[in-house]
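Undergrad: Spelled out from the first residue to the last, the chains are:
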Amino acid sequence: MKKYIAKRLLTAIPVLLMISIAAFIMINLAPGDPTNLYVMPDATPEQMEATRRALGLDQSYPVQYMRWLTRALRGDLGISYSTRYPVLPILVSRIGPTVALMGTTLLVSYIIAIPLGIISARKQGTWVDTLLTGGAFIGVSIPNFFLGLGLIYIFAVQLKWFPTGGMLELGGNASILSVLHHLVLPVAVLSTFYIANMTRYVRSTMIDVYGENYIRTATAKGLTKQVILTRHGIRNALIPIITIIGTDLPRLVGGAIVTEQIFQWPGLGRLTILAINQREYPMLMAITLLSAVVVLLVNLLVDMMYAVVDPRIKYD
Amino acid sequence: MSTLKKMLRYSVVLFASSVLLAACGGEDVPDLEDAAVEGSETESDDLPDADADDGDTLMVGLTNAPDSFNPFYRPGVAGTWVQRFFYDSLLVMPTADSFEPALGSLETEDNQVFTVNVHPDAFWTDGEPVTADDVAFTLNTIAHPDAETTLGPNVAMIEGTNDSGIREEGLDELPGVEVVDEKTLTITTKSPVDLAYISEFLGFGVLIAPKHVFEGIEVADISNSDAATKPSVFSGAYQFVEYDNDNYVHMVSNPDYYRGAPEIENVYVRVMNGTALITEFQAGNLHMTAGGGIGMVPVQDIGLLEDIEGLVVEEFPSFNGQYMIINNDTYDNAKVRQAFAHAFNRQLIVDNLLNGRGEVLASTYTSATPYKDPDLEPLEYNPDLAKQLLEEAGFDFDTPIEFVVPTGNAVREQAGNLIEQWLVEIGLTVNQSNYDFPTWLAMAQDLDYDLGLMGYGHTVDPNIATYVQTGGSSNNMAISDPVIDDLLAQGMAGTSYDNRFPIYQDLQQHMQDEMPIVPLYSDSQFGVKVDNLNGGIKEYWAGSLHDLHEWSFE
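Heads up: the protein sequence lines correspond to chains G and R, in order. Following the numbering used here, the residues of the first sequence are numbered contiguously, the last one being 321. Following the numbering used here, the residues of the second sequence are numbered contiguously, the last one being 545.
Be a bit skeptical, because a hint or two may be false.
[To be verified] Just a sample of chain G residues kept apart from chain R, beta carbon distances all over 12 Å, derived:
| no. | residue |
| --- | --- |
| 1 | 9 |
| 2 | 10 |
| 3 | 21 |
| 4 | 71 |
| 5 | 74 |
| 6 | 131 |
| 7 | 140 |
| 8 | 202 |
| 9 | 212 |
| 10 | 222 |
| 11 | 223 |
| 12 | 301 |
[To be verified] Stretch-level coverage of chain G by chain R, calculated; a stretch enters the list once three of its residues show a Cβ under 8 Å from a Cβ in chain R:
| no. | region |
| --- | --- |
| 13 | 89 to 97 |
| 14 | 284 to 291 |
Source of the hints: derived by calculation from the structure; they are not laboratory data. Just so it is clear, the structure is predicted and the values come from calculations on it, not from any experiment. Ideal placement from N, C-alpha and C gives every residue a C-beta, glycine not left out.
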């Protein structure tokens, strides 16, 4: 297994290099000069040139890329065009809030959705199943911005149970309780979709598993429903569920752009939108690279999880 | 089952770690921690209570992220607005036509040599006095050929600078800036100028920087230096503590402020979108908006704020206008350009898209400026006349018109759709395309369009040479009209409102006759604040912070 992991990590290096080149080309292919956003409308050519020089945009594209690459290898991801702050600390400061938001969302979603999916599968065709699948249908259909604004209006503006947005009370202490309090509404919004989505997957997977011969054999052997479910049902349903989790996990850093905007959550999603709007090329490169690293690592993690849950899968 | 248990255990650990991570470090950019004000009682891990009721914290809503805290380089309005909390200018502008001394005074007898007297009690927050050397250093740095600055036009009247405000070759310093003594200097302009013009551009527009902080840094490197990005020495009513990127700026009062210690201890300027601005007001979490174009409440939602008890919503005319820019190379016949203006029902845009909260523009200026000609009416909406003018000009109705509408301003995008429809109604063929603003600006600079929509913000001073003068740096319309050039030159040579106003009246009439750019509308600006706040946004928005140190809660 160690050899396999080392091999996968080594192959990730050229992949990341290719991704960085592709990202650099695509970002710079965008029409328009980012310098225009960082000068006054009446800027003279000399003032434009001074800003272009300060942003490092006065060099040719290959030189710009090589400069970025050599600095990135030393842990310097450049500066923000607007604030001139180093990109890396800004990026790092946004990872925590986004991981907290998305991590909590995914965790809450799986804890609720997996049992609901199993119940729905076991009660297939009953009113319980109809209720759960109907609820799941509504959950995947309801737009985030609509639900978010609705929850803010009811629970923050009218009832004042939760804050309208942000992650901490400004001027207050940065306590875990304060973060949890601020997390409730955005997590509720995001979880609505993930719970609905995962419930449907689990239900469908469990229905397939219940139709397998080994379940019939186990039933014929006289095993209890509980044992059949836990020892044979869930275990065999885990592989497709892990695949779905594998597609969800990169969102831990991808963030939830709309929800972060609505709830003013200081995460990576909001940073991405700002970087796009302001043509913050170094920031966009850094976010792209971070996303690529996370996707590669999660894919590796998922492959390892397959081997853990299914002894038939071996990598060495 | 043990696998499931392990997964559950790992999940719980993941959850706890992520929340802890967010709680411990998420709100702070680590590098900014050491930017906390020296000697301030409010380090970022010991922040004051934000409870509004005790009157020690002001929460301000801002819809644009501040970009720069560098007094020499201020590309964005939001950054400039925030900087005014902690860097002072020589003068303040309580209204559009009045100036008062702040960090200094500006006086002249001949409109060419101006004497600056720096306030005798003004000190930087590190204890150094604010001197004439600071003022001279600031002006010389802005004019330095290596400087990355947005303030060239603000010093371009000083002797020794070129038209861009850059120091002439062969000079080491500006000959027009002479330090007389510790608190006095003189500024000599290239030719006599209106006192109001130099007061607005130099006296109010330039924020004075601390020489002893910046003088050791190469001028070309100032923008990216810690001194500029993490300011630590201030002359204003407040002191910068930290900026959490795209989230909030925290400032604390300057107890030794030379105009009197501020009443309110803490200011948080929070960055949020227009919708969040409304919900934060509804929840009672904000005391005021930043107003202007950087505290924008969507015009259709203003009514929601007006319904909130305890909020004061005031409507002011704006210095910003929306225009249809014309490629004057393509449309070099004034009849064609006038036909476009007659084709548009601009009153309908104001009535329906702005809910009546705005004005139709007759020419270049909005009613916020004293230079707007009150007798000049907008061209009437008359599609028949528009069609007739096009026919008289021999216009080819079958050639498609490339019409560009920038994204990012909902009302402007809707107006763009109406304009396309009105152009089609008079028989024209129109290809409308929508681009983000940077792309559109690049197209405009290359004259790669026929018609397009653009917003312009004006100063109180009526000079619009950069937009409409032949070769003007923002003349993206290929306007080249000797009459306009001559009137602009005459206007700048005037030394008082009385002798300049008739010249700009002629300019407005000429612009309407020749229609090189079609003025559309100007949407109102709004000042929103809680009714127990003494202070807030004024009618002249840019000068709203002039009495910041006196703001208080009742």
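Undergrad: Against each hint, give a clear statement of whether it holds in the structure.
TA: Evaluated hints:
1. 9: holds (20 Å)
2. 10: Non-interface label on residue 10 of chain G holds, nearest chain R Cβ at 18 Å vs cutoff 12 Å.
3. 21: The assertion about residue 21 of chain G holds, with a minimum of 24 Å to chain R.
4. 71: At about 20 Å from chain R, residue 71 of chain G clears the 12 Å cut-off, so the statement holds.
5. 74: Per Cβ check, residue 74 of chain G is outside 12 Å of chain R; nearest 20 Å; holds.
6. 131: holds (26 Å)
7. 140: At about 23 Å from chain R, residue 140 of chain G clears the 12 Å cut-off, so the statement holds.
8. 202: Holds, because the least Cβ-Cβ distance between residue 202 of chain G and chain R comes to about 18 Å, which exceeds 12 Å.
9. 212: Holds: least Cβ distance 20 Å, greater than 12 Å.
10. 222: holds (20 Å)
11. 223: Non-interface label on residue 223 of chain G holds, nearest chain R Cβ at 15 Å vs cutoff 12 Å.
12. 301: holds (19 Å)
13. 89 to 97: Contact hint for the region 89 to 97 of chain G vs chain R: holds, 6 residues under 8 Å.
14. 284 to 291: Not satisfied, violated; 1 residues make the cut.
Against the hints set out earlier in the document, a violation occurs for number 14 only.
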